[in-house]
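Peer 1: Here is what each chain is made of, one letter per residue.
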Amino acid sequence: MSQEMTLDPIQGQLEKEPAPEIVAKAAPKKRSQWLEVWSRLKRDKMAMLGLVIITIVVLAAIFADFIADYETVVIAQNLSDRLQGPSAQYWLGTDEFGRDIFARIIHGTRVSLMVGVLSVAIAIVLGGGLGAVAGYYGGKLDNVIMRVMDIFLAVPSILLAIAIVSALGANLMNLMFAIAISSVPTYARVVRASVLTIRDQEFIEAARAIGASDFRIIFRHIIPNCLSPVIVQGALGVAGAILSTAGLSFIGLGIQPPEPEWGAMLAGGRQYLRHAWHVTTFPGLTIMITILALNLLGDGLRDALDPRLKH
Amino acid sequence: MTEQMNTQDLLSIEDLSIVYEVDGETTYAVNNLNISLKRGETLGLIGETGAGKTTTALGIMGLVPNPPGRIVNGKVIFDGEDLLQLPKEKMRSVRGNRISMIFQDPMTSLNPVMTVGEQIAEVIQIHEGVSKQSSFQKAKEMLEMVGIPAARSGDYPHQFSGGMKQRVVIAISLACNPDLLIADEPTTALDVTIQAQVLDLMKDLKTRYNTAMLLITHDLGVVAQVCDKVAIMYAGEVVESGDIRDVYENTKHPYTKGLFGSIPDLDLTVGRLKPIKGMMPDPTDPPSGCKFHPRCPDATAMCSLSEPEPVLTESGHTARCFMLQAMAEPLAAQKPLTELNRVQG
Amino acid sequence: MSDTILEVRNLKKYFDTPKGLLHAVDGMNFVIEKGKTLGIVGESGCGKSTTGRVILRLLDATDGEILFEGKNIREFSKEQMIRLREDMQIIFQDPFASLNPRMTASEIIGEPLIIHNKVKSKQELSERVAELMALVGLSPRLVNTYPHELDGGRRQRIGIARALALNPKFIICDEPVSALDVSIQAQILNLMQDLQEQLGLTYIFITHDLSVVKHFSDEIAVMYLGQLIEKAPAKELFKNPSHPYTKALLSAIPSIHLDHKMEREALKGEITSPVNPAPGCRFAPRCQYAVAECTAREIDLKEINEGHFVACAMVEKG
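Chains as they are written, first to last, in my numbering: chain A, 1 to 311; chain B, 1 to 345; chain C, 1 to 318.
Source of the hints: derived by calculation from the structure; they are not laboratory data.
Note that the structure is a prediction, hence the values are computed from the model and not measured.
Every residue, glycine too, gets a C-beta built ideally from N, C-alpha and C.
One should not assume that every hint holds.
Claimed, not checked - Stretch by stretch, here's where chain B covers chain C in the computed footprint (C-beta under 8 Å, at least three residues): (1) 64 to 72; (2) 210 to 224; (3) 254 to 260.
Please model the entire structure based on the sequences and the hints provided.
Peer 2: In structure tokens, the structure reads:
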């Protein structure tokens, strides 16, 4: 270590700087904090199980067309093979129109995932934005925003969704919109709560002291620090949205036949429950396993993101 | 009989080692610690963050969280009995009764939904098996003793200020007339004028009841005002210990000297402080040899190679440093410390 | 005076609380000269931190004037304030809470440079950050570490580097070493002293630790419940403390000298509430020398020695 240094603020105790070129190489790369979260998540067996199942579901959605042709297998009726049990030809049996249930479940993942992910994304943007504004500025604005959210929360979310879909008509877009709207208040609350705690931290004051604008403070300092609860809520929210989609479809307000959707399949097989159990059981199991997987992942993420576990 | 009681150690910790094991990483929190304390004596345990002070206290109380904590070896002999060998049930009757503890933060060590009177009475009921009524009576007496009017026994903790809460905590800890009081940074969270009042109170009560006290702190001034003996901890080891006057006025270990150089002295005006260079070593990867050698201004090659043994420099005053070992060779004759202690005792 | 950098006149900050009006800062007056350090001491709740934040306009004052280089910054526009941030900075107490946990050391130190457009390229930014890190004694290999990976001393060095990034003239240090271990505390104090000499900085040093403030300050102001009760050059204050509260405060410090057993100045009860305070001396309810006069009128600071001001009715009489 070099002993000659012009500045020696603490009596030679410093790690003295080597020449700058060496420095550039010696300095470790900026390590993403997400990598740390991932390494913690990896240790959680249940969360990993959830992640594996979700990956399979996602792959199924992507490659659905390779697994079964939409026009000829998924929606084409084949009345001669109706209500057949599981077999080598039809792995999970056929429904009341003779369509392969396995193929329909695979194609059904597309709708479920799309509605699940997109509606949560819409809800996070809307709810998160409102919550951040309410939490950061406080006062009257906070009051107005949060009371409107309270009114939304006072209506059962499924009822709200039913009302929106029945008013606007049953199609995919309206379905997503309805589910998103009904979960906006949840995200607004989550984001507002964490903004409130972060807003009073000293590093926000420090940012203000160096002259940072409100915009910069919100986007650079507050939002990155409240992502964790939103991510957890989001993972659980996708599960909720998939369930709502299935529920709305079940009562005929969601995806319309013949398009395959898990909830609609469940509804269709309902009348044959006694002599063709597989028509309802497999879509039902699919919904259950997917929701379970998302919840496991959500719980795992909550633990992995929890800063208290950081030492 | 009583004569003998007085000269015997009330608490004697021998070669205590405690580790924490997290994710395959071992943190050496306390390493071969030796301290002893007689009835009525006050020992100041001084160290910085991560020196292992609190872990030592938890070790004595049998409260080291397991997992991740584990007592690797050593003895905690309290009044002739090794506490580490006691069954859980028996240890529970020692805790709060014969040994009690005061924690740093009075805000979190009181239950917010119980009145202070109930909290003091609870300890008395558990350990003395007296009636509810007489335990409440005693609780009121205890409050008066720590300078809080008995009329406030029905108040909840949030109705008290920080200093008053710490008084309540002290009342709880003294409720069963313990032989040993362990106080972990009892005044750190308090303002200086309140700290002075609480220290006065503790000093006064200690002499009145002849209670031995282990005072854990980072504040050299607090120790100077309250303690008879002192042990300086660094990286899980006691680096210097002895009579307070010996350690403060005839400082031997470079770390202790460094500590004194780091604090501004009110009676002197110095241009600059003389801090210890560097920082505490990583407890999962302690340096070889003397743990202090990377920060020591007087370190030699030998210091990084082997670990110095505690050396007795004068009656009861020990320090763990090779420089002393060389000088003290004829006196100590390389006897292990425990033996020397016994000779002393 | 030409070398006055900051003057505070009748500074007040009240908070509306459910219990009433909290007089956090109540009529502070002081002057700081360029290159000097003013220590503000007091116990928790005396308003010392609020004073610092009001001077920086992180909180808006209720009344009074804050003259920085002769201009009343309370009348500054938003744009003027942003420019003023280059001259006035703050170092916080808690080196953990004051650093954004999602930003690396270099991002934190570089942020003021980006906000104020002080650098033209990424290259220049990283050079300037490296300079600042060297200045505060941070090893260059720490550029990409996050605050939680560092110890308290190093975190505080990051906070200091951030405060220095814009070349300020004046820094408010709010308990900068209270959260640190003694050996690290001394390192940081020495660093701050060196920086002051090198860069000609002016400090307000806010602390509850009297031995630190004595070591560090040219002048010391003692606060009690929002008011200045005594102000004097550091040595004078310790040699000749005149306000009963200052005496009590000084006598309560546990000395490291064994033969210096504390001779405590008696102090009754605990700090009272600054909500709707009674008129007159706020220390009177705890003061053993209090007489009727103490609460009959407002007691102002009076000069009793050169540069030594005390607000006490008894001292006034002599």
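Peer 1: For which of the previously enumerated hints does the structure constitute a violation, in increasing order of number?
Peer 2: 1
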